[in-house]
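Residue numbers (my numbering), protein chains in the order written: chain A, 1 to 165; chain B, 1 to 499.
In short, the hints are calculated from the structure, not lab data. Only true hints are included.
Straight-line C-alpha distance at most 27 Å; calculated DSSO-like pairs for lysine-lysine:
| hint | chain 1 | residue 1 | chain 2 | residue 2 |
| --- | --- | --- | --- | --- |
| 1 | A | K131 | B | K223 |
| 2 | A | K13 | B | K223 |
| 3 | B | K244 | B | K101 |
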Amino acid sequence: MQACEGGLSVKVKRDQITGLVLVAVGIVLFIMISQFSKPLTAEYPGPRLMPGIAAFGLVVCGLGIFIKGCMQKEADKKIFTKQGFLRVLISFAALWVYIVAMKYLGFLIATPFLVFGLTTYFAKASKAETKLWVRIVFSVAVTLVIWLMYVVLFEMELPVGALFE
Amino acid sequence: MFAYLPYIFSQLIQPMNLLLMVAGTAVGIIFGAIPGLSGTMAVMLFMPLTYAMESSTAIIFLLALWIGGCSGAFIGSVLLGIPGSASAVATCWDGHPMAKKGQASKALAIGMTASFFGTFFSALIGGLLAEAVADFAFAMGPWEYAALCLVAMTMVLAISKGNMFKGLAATCIGILLATVGFSPIDAEPRFVFDNMYLYGGLGMIVVLTGIFAVSHILVTFGKGFDQPPEVSKAGLKGFGLTMKDIRDELVNIIRSFLIGLGIGFLPGMGSGLSNLVAYSTAKNGSKHPEEYGHGAAGGIWAPEVANNAAIGGAMIPMAALGIPGDSTTALLIGALTIHGLEMGPMVFKNSGDIVYLMFITVAVVAALVLLMQAFCKRWFPYILKVPSWYMYSALLVICLASAYVDSGNLYKCGMMMVFAAVGILMTLGELPASPLILAFILTPTLEKKMLQGFQSVPSWTEFFTRPVSGVLMAIAIICIFSPLIKAGIAKLRAKKAGN
Chain A
1 MQACEGGLSV
11 KVKRDQITGL
21 VLVAVGIVLF
31 IMISQFSKPL
41 TAEYPGPRLM
51 PGIAAFGLVV
61 CGLGIFIKGC
71 MQKEADKKIF
81 TKQGFLRVLI
91 SFAALWVYIV
101 AMKYLGFLIA
111 TPFLVFGLTT
121 YFAKASKAET
131 KLWVRIVFSV
141 AVTLVIWLMY
151 VVLFEMELPV
161 GALFE
Chain B
1 MFAYLPYIFS
11 QLIQPMNLLL
21 MVAGTAVGII
31 FGAIPGLSGT
41 MAVMLFMPLT
51 YAMESSTAII
61 FLLALWIGGC
71 SGAFIGSVLL
81 GIPGSASAVA
91 TCWDGHPMAK
101 KGQASKALAI
111 GMTASFFGTF
121 FSALIGGLLA
131 EAVADFAFAM
141 GPWEYAALCL
151 VAMTMVLAIS
161 KGNMFKGLAA
171 TCIGILLATV
181 GFSPIDAEPR
191 FVFDNMYLYG
201 GLGMIVVLTG
211 IFAVSHILVT
221 FGKGFDQPPE
231 VSKAGLKGFG
241 LTMKDIRDEL
251 VNIIRSFLIG
261 LGIGFLPGMG
271 SGLSNLVAYS
281 TAKNGSKHPE
291 EYGHGAAGGI
301 WAPEVANNAA
311 IGGAMIPMAA
321 LGIPGDSTTA
331 LLIGALTIHG
341 LEMGPMVFKN
351 SGDIVYLMFI
361 TVAVVAALVL
371 LMQAFCKRWF
381 PYILKVPSWY
391 MYSALLVICL
401 ASAYVDSGNL
411 YKCGMMMVFA
421 AVGILMTLGE
431 LPASPLILAF
441 ILTPTLEKKM
451 LQGFQSVPSW
461 TEFFTRPVSG
471 VLMAIAIICI
481 FSPLIKAGIA
491 KLRAKKAGN
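Given these sequences and hints, build the entire structure.
Written out as structure tokens, the structure is:
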């Protein structure tokens, strides 16, 4: 991240952001813990102790990471390119759509569409050539194998879909 | 132990158990071999399948996945030069150079034989020692248990490379996630936001699969999938190993075995560390250290014996104390709890048959892995060539199906996606994974034992004044500050060298 002000360039390091986020989470936790009904005493710490340790640890570690980030001289290594980040977001959104689709259409109908969509997208993003019929057969096969394994072999339930209940 | 042998034998020969053992081993080897997947992920993904099984069947299946995964990790190291998991990092250094010299068959044979030695004998020794450790653990009270949990959570920090604060922050996130729901003893609802799905706590599958499996797949895709590698199939005929090869490395094998067993036994440590220690010890003890890194047989024997010997070592504290030796044993403890088996000293009295079934199953699966790998060696290159776009799309569906099966509702699938987002953010912040798993699994026990301790003696000083818990607390504190201590020692040495 880069902010320019009057020609002065300030680079914000990843560790600085990570540190600040952790400190913020820790502070929010402290506020939530203070609302627990049972108090923390020296004789009996009760339910506040472990979340309190987590909150305290997050604040301290957050500050430590922030300070280390401030002292860091070399530039951050890039984890994702912008395109890579977009790929993560699109896949993430597809999985949310899949969950909603399972609610109404059920596992057997929603899954082949997801597998086909993801396989096509993954392959296209990786610049790999795949045949359409292979992807279709693979999508149906994966759906059936998982369904047979869970529902038939181990007698578990997978979503049937609100439209078919 | 011997009194349970008829029961164990009757379980192992049941057709369903045999079938699941073979299937679990095969799936485990595949997960172990493919870089990016691991035996731990296999256990995580297939754990919900075991809910409908009997305890013995579930244990056999999960252990087969784990052992197959641990053993299979060397395949990627030898054929690609990319370790299947952290436990096979050191195997790359000599395994791949040996394969490039046209001795792939020998490198693979050493890997599979070393894996067998490590797993088989460590399981037998583990089975013999675990009850003695459990007897000792009977003398431990809640303070000692709480201190032991702390040691397990902090030891992983001592070996984590890089920023100490990041390891600790991941531990704190694990503690935080474990405290959602009703608190132990006081039954105070914490972080539930009046949501009925949160009162029972966050499920292990939902949290761990979201953070480690779903986010891992999405992050890998974000970075860009690798094209399927070109793997040479040349030189994969025959077993490739003679008795003389084994005799020549016998000292190295025994030494690496003891290193693996010892490191595996330490709470919070595991095969990820043992293979590196064993490799450097083998190199330092070798008459020809210059050959290491260029395809030395000893450089494959040492890490592979050690990382597999850590399995039996890790099973001792898992069974006798209920304390995980590594991330996978932490998962197994969670899975066994779901099946009504609470690991710890009492388990030998209440379910001794199941505990010994675990150790014997590991030994039997080790032999099965050796057989399967020996017969299927020529197909290893095909495992490594599975295109990521097919594999990962199928795995994502399995992740979501697991979340649904775990809870019976789609709400938990949504929750898993939330934790996948947490996992992605952790990757962006470069926070490590292992401390979170251990903290998430151990926090309920730690909190319960600590509160029980306070109920009996309401004073903090008990932690430090009781001999065993005092020593354990000292170890935990040293572990937390070990990165600073190491840095201080390094500075002092540099100063001395400068003078």
